[in-house]
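Trainee: Join the two chains, each given in its own frame, into one complex according to the hints.
Take a look at the letters that make up each chain.
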Amino acid sequence: MIADAKSCHVGSCFSCIDILTALYFHSLRINTQNPLWPQRDRFIMSKGHGVAALYVTLAKRGFCSPDVLQHYTKDGSLLAGHVTCTATPGIEASTGSLGHGLSIGVGMALALQKDQPQSKVYVLLSDGECDEGSTWEAALSAGHFGLDNLVAIVDYNKIQSYGAVAEVMGLEPFADKWRAFRFAVKELDGHDIPALIAAFDSLPLQRGKPTLILAHTTKGKGVSFMENKMEWHYHTPTMQQVDLAVEELDSI
Amino acid sequence: MRNAFVKTLTELVQEDPRIMVITGDLGFNVFDEFKVRFPDRYLNIGVAEANMIGVAAGLALTGKIVYVYSIIPFATMRCYEQIRNDLCYQNLNVNIVGVGGGYSYSYFGATHHAIEDISIMRALPRMTVICPGDPWETSEAVRAAASLPGPTYLRLGKRGEPLVHKPGAAFSVGKGVIIEEGKDVAIIATSTMLEGGLAATDMLKAQGISPMLVSIHTIKPFDADLLRDIAQRVPAIVTLEEHTIYGGLGSAVAEVLAESPHNPRFKRIGVRDTFPDTIGTQIYLRGKHGLNPEQIYNTVLDLINHAL
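Protein chains in written order, with our numbering: chain V, 1 to 252; chain F, 1001 to 1308.
In case anyone wonders, no lab produced these hints; they're calculated from the structure.
Do not take every clue at face value.
Calculated lysine-lysine pairs in the BS3-like style (CA-CA distance at most 25 Å, straight line) [unchecked claim]:
hint, chain 1, residue 1, chain 2, residue 2
1, V, Lys-74, F, Lys-1205
2, F, Lys-1288, V, Lys-6
3, V, Lys-229, F, Lys-1035
4, F, Lys-1205, F, Lys-1267
5, F, Lys-1035, F, Lys-1064
Owing to the predicted nature of the structure, the values given are computational and were not obtained by experimental measurement.
Bound-form chain F, shown alone (with noise of 0.2 Å):
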């Protein structure tokens, strides 16, 4: 996701010239050639994320369309104040890029894992928040991001995440994605976990079942219509998201069935109310939660057999 990310914000640069980048001291691996060949549009500004947010207010606000990036709780957590009323509350084209979704930065340990802030970012007034779920969604989320007016955080993973979507796809703000079509039961996924999502959709069918796998990169403004239609058809649905089940899409789902005439079985997946006690890869981090596709495969079985 981040080469999706650096390869269409160079396409950007060269087709707006109101577009800079700012970074928080990080980006080896993926400025290294942007920061060469478009040095007028590119600044690190240093490990200081309060001011990055600022200096990027007062950028949008003398006519600049900014991007900001940095590892997430320091891009989302370090400055939220700042972001709250320079940003959302000036509402500014300010678009925070934010690397290492969930256990992405495995065991450097919980100050670098983002497994809040989907919630933090969704409690926003003005604030888009999308969460690509691989290539395809973030090219397309980032050269989105540019033409909307306001604030948008924009969650990356870390690793090279595969291309789940087929070609031909449409991307819209805002708007959910039916990858898979089936009757049994919706996985709804977001963020890190569409490729889990997909493994698990792949073994349920091996299985006789007929799952949907839906794909909600843009979390808010959230597509109530499109789950109030699901929540329709299927009987059972699941939720997957590589952070906090306080707050994140599991809460805007469920947010949105609770007020709807519509009362599918329902579970959230997702990283519990708890710091990791030990440490190792993503893969491990996300075993602790139920996160690995095994996992999920199982999960949907007990909820479609009326066993949770």
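Pulled out of the complex, with its shape left as it was, chain V reads as follows (with noise of 0.2 Å):
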């Protein structure tokens, strides 16, 4: 899909995919056939860059037709380069500029803290996108206001959109600064699919906290020649690589 429309950030869409599939597979009380169900978990995808893994998450869960995926980015598609919520059914809000999504997930959740307690906010980072103020911002907001319907989430592949993270601008200790802004954080591999699940299953991980899954991830993962190489946030696979790929994501 990536290689036909010639586009680009397939190494941070397998960084998260496996996020994705224990989210929209598992987790996300959602409803294909009412995706405004008002009832419903939230789920943003800050990370607006990371959108063709969500189409195709969305279209393998039934939000759209799979074939709408072949129209992704061409002339007059709806299927924009970064999230865009009137391209499908099931996104519920637009992203792309880094360090928006968590705000608006704030904001979502303030209001379902008192209509829908049942429903969740999920929101996924990306690890670069934690150099915005604007990120801290709403962190600060959720841990303040207690907010322990917000899940944040965030791809941390330690790799960024010029540079590793470790050199361009570090994180760390990263998990100490959301438990500084008052988040109940939980560390995990973000490819081990029972280990997302089982903290799903957990939440939230204290009562009066956001919740922040710190999940450890690969940029590139299950590709060996696009593991933790930056330049796959920009090239386009060719169509040989692409069936290099696909073998390789086979023998899994």
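Mentor: Listed below in structure tokens is the structure:
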């Protein structure tokens, strides 16, 4: 799909696809027949550049026909290269500029806290967008308001747009930063689906506190020649590389 | 234009020890060589544009000349108040280099499109706004920005835009350039639309029409003298910008015309007040707003023929 569209960000998609799978096929309370069901959980893809992974997940889950994926980023398509809420049913917020999603999530969590107390709000963040001050403004408010219906998940693949996180703008001690902002924190392997499911099943981690899942991930996970390579933020795979990748992924 | 930018910047850092570059975590295939050659002059501040502008202000207040770099919405809107207060209010030599004018980031979607940047940057006191239309204008503008005392906004394209100007053209901040003389209509273009303006000019000439082609690379300060001169000499003026028709080149031209005694027929070609409802290539998105050469040609013909 990305190769066909001559698009990019494939490394970012493989980094978060297991998280999306755990959420959409186990944890999220959603109804594909009624995408605007008021009691649903909300999911915000704050790392909007990972959009291809979200579109695929939504199609697999039944929010839209898999046929629409072939139009991804093409002329006349609704499926833009960053998350756009008009693209398919099931998308809660448009993103693409980093550092917006957590604030929107705080707003949803505040609204739901009183009206729909059983609904949770999940926000998937990239590590790079934790550079943005607005992410921390949102974190400060989530902690202050004690939003235990809010779950932030950081896709911590340690490679941001133009370099390694540790070299560009180090985030460590990362978990402690979230704890200091009054989040209950769980660290796990973001490709371990049972671990993800177990964590999502035990929410809230602590009553009266928002949750932060620090998901240690690998950029380009599952494709040997993409793993941990910054350039796969930008490159379009050739059809030959697609075949190689599919072969490797099929063997998992 | 990106290549022309980094090439000129590479020359400048070697000429002037005060020059520094900050990127907001972008620059793949742009700064790859630069950051290795000049590690002391290059800073990746992360995805943190508000901090980037504030840090640039601090560097400038301590004697540095700073170029900051990101995709246009992030380099301008995300940190607009920092630009206004930290850079403009204090009149600092910080030069904001935004990449991706208009629909350069095509299918990436509206978050990455640069459609309102000229308007908002133009509204700031002390801000110089330069929108180069080809690699030559880019090099000249990047160089000129270093010697201007206050802040400058440089709006770049993203593709390998072709050279439009002929050798020997003269660049001066605030001065438009008549690329082609003509008497039937003036096509006034800026930024990423200079190329399209040239293509439409050639099509009109092939039909026996005499179009004037003007590049307004500096939107602010605006070359009102040149415009008044043009308005005396041609019966019709078309402005061309890959940007909203509210507040950009078309508005700047309209403002001058409205306060002048001249009254040529006038048409703004630019982005109408909307986000794209469907996505696609830059050519596809331009086509929704009449910005492709054939469409420009037809609009100019209609204007000349009093059909508009």
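Trainee: Has the given pair, Lys-1288/F with Lys-6/V, been kept, meaning a C-alpha gap of at most 25 Å?
Mentor: holds, 22 Å
Trainee: Holds or violated: Lys-74/V with Lys-1205/F, Cα cutoff 25 Å?
Mentor: violated, 34 Å
Trainee: Please work out if Lys-1205/F and Lys-1267/F have their alpha carbons no farther apart than 25 Å.
Mentor: It holds: about 19 Å lies between the C-alpha atoms, which stays within 25 Å.
Trainee: Is Lys-1035/F close enough to Lys-1064/F, meaning Cα to Cα at most 25 Å?
Mentor: holds, 18 Å
Trainee: Given the hint that Lys-229/V pairs with Lys-1035/F, test it: the Cα-Cα distance must not exceed 25 Å.
Mentor: Holds, at roughly 18 Å.
In summary, the structure is inconsistent with hint 1 from the numbered list given earlier, while agreeing with all the others.
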